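*Asks:* One-letter residues, chain by chain:
2 protein chains.
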Amino acid sequence: MSDAYSEALIVQEVAPRDGLQIEKQWVETEDKIALIDGLSACGFTRIEAGSFVSPKAIPALRDGDAVFNGIRRGQGVIYVALVPNVKGAERALAASADELNLVMSASQTHNRANMRMSCESSLAGFGDIVRLVQGAPYPVSLNATVATAFGCPFEGRIDEDRVVSIARTYREMGIAGITLADTTGMANPRQVARLVARVLEYVPSTDLTLHFHNTRGLGLANVLAAYDAGARRFDAALGGLGGCPFAPGASGNICTEDLVNLCDEMGIPTGVDLQKLIALSRTLPALVGHEVSGQVAKAGRNCDLHPAPEYARAI
Amino acid sequence: MSDAYSEALIVQEVAPRDGLQIEKQWVETEDKIALIDGLSACGFTRIEAGSFVSPKAIPALRDGDAVFNGIRRGQGVIYVALVPNVKGAERALAASADELNLVMSASQTHNRANMRMSCESSLAGFGDIVRLVQGAPYPVSLNATVATAFGCPFEGRIDEDRVVSIARTYREMGIAGITLADTTGMANPRQVARLVARVLEYVPSTDLTLHFHNTRGLGLANVLAAYDAGARRFDAALGGLGGCPFAPGASGNICTEDLVNLCDEMGIPTGVDLQKLIALSRTLPALVGHEVSGQVAKAGRNCDLHPAPEYARAI
Chain Y
1 MSDAYSEALI
11 VQEVAPRDGL
21 QIEKQWVETE
31 DKIALIDGLS
41 ACGFTRIEAG
51 SFVSPKAIPA
61 LRDGDAVFNG
71 IRRGQGVIYV
81 ALVPNVKGAE
91 RALAASADEL
101 NLVMSASQTH
111 NRANMRMSCE
121 SSLAGFGDIV
131 RLVQGAPYPV
141 SLNATVATAF
151 GCPFEGRIDE
161 DRVVSIARTY
171 REMGIAGITL
181 ADTTGMANPR
191 QVARLVARVL
201 EYVPSTDLTL
211 HFHNTRGLGL
221 ANVLAAYDAG
231 ARRFDAALGG
241 LGGCPFAPGA
251 SGNICTEDLV
261 NLCDEMGIPT
271 GVDLQKLIAL
281 SRTLPALVGH
291 EVSGQVAKAG
301 RNCDLHPAPE
311 YARAI
Chain A
1 MSDAYSEALI
11 VQEVAPRDGL
21 QIEKQWVETE
31 DKIALIDGLS
41 ACGFTRIEAG
51 SFVSPKAIPA
61 LRDGDAVFNG
71 IRRGQGVIYV
81 ALVPNVKGAE
91 RALAASADEL
101 NLVMSASQTH
111 NRANMRMSCE
121 SSLAGFGDIV
131 RLVQGAPYPV
141 SLNATVATAF
151 GCPFEGRIDE
161 DRVVSIARTY
171 REMGIAGITL
181 ADTTGMANPR
191 QVARLVARVL
201 EYVPSTDLTL
211 HFHNTRGLGL
221 ANVLAAYDAG
231 ARRFDAALGG
241 LGGCPFAPGA
251 SGNICTEDLV
261 NLCDEMGIPT
271 GVDLQKLIAL
281 SRTLPALVGH
291 EVSGQVAKAG
301 RNCDLHPAPE
311 YARAI
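One line per chain: the protein sequences are Y and A, in this order. Numbering follows full-length UniProt numbering, in which position 263 of the first sequence is assigned residue number 263; successive positions increment by one, without gaps. Numbering follows full-length UniProt numbering, in which position 166 of the second sequence is assigned residue number 166; successive positions increment by one, without gaps.
All copies of an identical chain are treated as equivalent in the list; a pair is satisfied when it fits inside any one copy or across any two copies.
Listed next, the in silico DSSO-like pairs over lysine-lysine satisfying Cα-Cα at most 30 Å (straight line):
1) K298 - K56
2) K24 - K56
3) K298 - K24
4) K24 - K87
5) K276 - K24
6) K56 - K87
No lab work stands behind these hints, which were simulated from the structure alone. Just so we're clear, the structure is a prediction, and the values are computed from it rather than from any experiment.
Bound conformation, chain Y alone (with noise of 0.2 Å):
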């Protein structure tokens, strides 16, 4: 029987690095080992689990080396690092990652807002990381990312032009591994379907990730569309973490546990065990010290069925 929502949906979980990222309280080095080997039992088979930053830019994931080197490796999960420069990439090897992501911005003015260069300077970058990869002692992958594919805080709209270039750009520089980021939550539905198609003629969709962003509440419905369009991995992040320092008290990423909860529900395989996901969910709150935005670790499954009121019972 053909079904539309028969074929896997891949969940790479991003909570140990964009959901720490920007976390004030600090969490300890054996908290995040923890956290990403409970992550690796739950079923998935991609986990970003830190990155290889600046410790001065981004001092919540400083331990990044020691993060890697303290991980139980699930079998066959592949481990991703995030990686600015050469150097990041070198400590990231050194840490056995299996994967490398990059980041660019498609806008200018969010580029050089977040990675303090240029466009240009970044795809240099890149060039030297490919080469780096390429004489690596162990088989690695690459991924690279474009940040504000559908909107900048900035300068507003993207030309979708310059997003598709940029991917066939990554793909001819030796990227197999394609990101469209919608870093501060601007996409829609519509935009999504359109943009994801275009980039699919470019990029197989085993090789292509939509990371969305629950800024305007649009997250899941942008999940949806970019399915129906053909794509078939998607960033998420436990709890909902991560954010966006340009809308405070605004969600972050994509909830992990609402995306799995709403592909159990429609039928969508992901390979998640949704209630250990829960389970772990609902960790969050003490090992980063507040509230998170996920939604279904509060309200649990639907089958988590509530016993009827006693007054009820006897109508």
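Once you've looked at the hints, dock chain A against the given chain Y.
*Replies:* Just chain A, lined up with the frame of chain Y:
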């Protein structure tokens, strides 16, 4: 040019009723009136302005009569009152409500818990209200809600045949307007598309309303699925007010400004002024005494750009 998103989406604002009814902090009558008047100025054509329920059952809305008598009636705006029984209907007619909304759950257990009677007793009461309205001294329209249409927190899955059958029964009784309510946020987009298509065989889209809660983060995804299936009218609450006693901490109704932002971004006409709506939503935390769950009032619209940091301008 044909456009899948050119048809208007009608937003029925329900914060004054479904939102305020569970608030613990008493909202003064004059503040309720100011809120409704503020909503009328935003461009809504339908506002659920209050209920005529026993003050013991819902003390927060015990001033329904004074609220309906105090508001400024906007030109062409339909002010709806929720009524649980004939007594409530009489009060609503005395207060010149334009439309009465009746409620019964598809789940027997939920109806007993919520309405303290069986579904059969509820339907008998609906018959009495229909007769009362037929003799009303001014034209009054009728709507009836199928609560727990997409799932019940006590019983779990709800038979779709039963939901369709209840909608048909309502229509046969002389109740034109039908609302399918996802009372505790258990719906998923696939189920929504299927059930909306089935109900539209019996109910014209001009008479059908979808009422979604965001309990598990799927509210706006469900709206799009319903819109794609032909539904055109949706309940939403300013700030995402409302909630479910069985999901403490989880979101309530879908958030009006988040829905209008989605429509604005996708080009779906609503007739609602998003900027005014956001300004009004930002008054809610002071009114109800706590933060609310809506995202767009925190993050702003996409077009509300931020200045780039100084250092980025120098690169």
